[in-house]
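Residue numbers (full-length UniProt numbering): 1 to 414.
If you're looking for bench data, these hints aren't it; they were derived computationally from the structure. Not one of these hints is a red herring.
Below, computed lysine-lysine pairings styled on DSBU-like, alpha-carbon distance capped at 35 Å:
no., residue 1, residue 2
1, K117, K327
2, K63, K85
3, K394, K70
Simulated DEER-style distance windows between Cβ atoms:
no., residue 1, residue 2, range
4, G32, I411, 32 to 40 Å
5, F368, K16, 45 to 53 Å
6, I411, Q18, 42 to 50 Å
7, K70, S414, 14 to 22 Å
8, K410, T163, 21 to 29 Å
9, K70, Q155, 23 to 31 Å
10, K15, S76, 42 to 50 Å
Bear in mind the structure is a predicted one, so any value in this text is a computation, not a measurement. Ideal Cβ placement from N, Cα and C applies to all residues, glycine included.
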Amino acid sequence: MYDFIFQNTDLILEKKNQNTFTIEGYRFKLVGEGTFGIVFKIIYKEHTFIAKIMKKPDPEPEKLKNIKDKIDKISSGKIEKLITKYITNIQDIYLKSNPQVIIFEYLDGIDLSEYLKKEDEIQDSEFYLIIFKLIISVSLLHNKLKISHRDLKPQNIFYNPETNNLKLIDFGFACNLNDYSCYNRYQGTHNYIHPRMNNKKINNLQGGSLYGINTKKNVNRQNVNRQNVNRPNVNRQNVNRPNVNRQNVNRQNVNRQNIKNVSSLKNNNISRRFPKPRSQDIFSIIIIILKIYTYLDYEFNVEELKLNKFLTVFFSPNIKINIKLNKLKKRLDKKKTLFNNLKTIDHTKITNPLISILLKLIKDYWNFKEHNFIVKKKDISKKVLNDLLNICIKNIKEPKLKKIFINEMKIIYS
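Using the sequences provided together with the hints, build the complete structure.
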């Protein structure tokens with residue numbers, strides 16, 4: 001069935017401007033077109049599926065093949081069932097020639113972004129369902145497939161409000177957790193991209209170590225450090241005891257200065273390197289949770305009014321800035337400002353239990369250098385997600401559903 005698609009891509013692309021058309025019993029509907037691919041919904045007999053035909057070379061087909069291969073190797077029926085439930089099914093991939101083709105299952109529903117636009121507000125019960133399923137699906141990726149999505153946002157979360165089914169889609173930026181060559185790239189979307197990703201890009205544009213090449217800024221820094229190191233050699237030429245003492249003092253001063261330089265470089269290196277892929281997903285999850293929270297109907301007290309104001313400013317459309325460097329700085333500043341503001345809120349006055357706990361965790365554990373939950377240099381984001389999952393379960397009223405979710409947590413965290 002899929003071979004027909006693979007063998008007739010040129011003919012299909014010729015007819016794309018018709019939006020809907022039929023070829024030998026296959027009914028095609030154009031769903032969308034992006035920079036790298038064209039997406040069709042296809043119906044053949046009783047089968048409905050999605051085909052993405054690539055317009056130009058892109059890493060996405062190979063990445064999806066890697067994910068599919070990992071899923072195919074899963075031996076646990078319980079984990080396989082959860083993958084089917086929470087991650088879009090990659091049915092086939094054609095890599096033999098151009099254009100490459102990816103076949104996905106057809107999902108009934110809309111992306112979460114479109115759903116939220118249609119709704120003035122959502123109920124608390126739905127809020128906890130969505131948040132639980134979002135976190136559990138990402139935890140499934142991290143813990144069982146060892147993969148990071150790296151582009152989590154409402155547009156990449158498919159949701160059916162009638163069935164409450166939720167699945168992650170669009171794995172074009174996905175990486176293995178330990179694949180530095182993959183995640184060491186500036187990828188993601190606006191508000192949802194990790195702040196250190198913005199910071200890294202800013203440093204590159206301003207002149208840092210780009211692709212392993214020392215730019216002028218780094219060369220100057222190295223020259224300054226060489227001068228500091230060479231200064232004690234001048235003092236060694238002096239043989240008088242008083243001068244020797246001065247030399248020792250100078251050496252101590254240089255050592256202190258070098259220690260400061262090393263410390264400074266360590267801090268700079270944090271901002272210069274890309275965040276680890278798990279951290280990228282964690283940041284995106286927090287922003288998505290806060291976004292969905294803005295659609296809840298709740299009574300405003302003083303602290304909730306403050307929170308509402310902070311979130312309104314953060315999620316308001318960005319002023320158009322043509323200069324790329326200034327645009328990146330603006331995005332980074334918005335994120336830093338948001339988290340600084342979140343720390344000022346009295347979480348005990350926030351009526352939504354999950355948001356209250358999230359604010360407390362941010363206040364207690366958020367590290368502004370790593371932009372992650374850190375305690376004594378240890379990443380505790382997994383514990384944070386676990387705490388949020390437990391809050392969701394506690395606030396889900398239906399006993400049968402609660403039991404299912406508890407069991408899913410045990411499977412994923414075992």
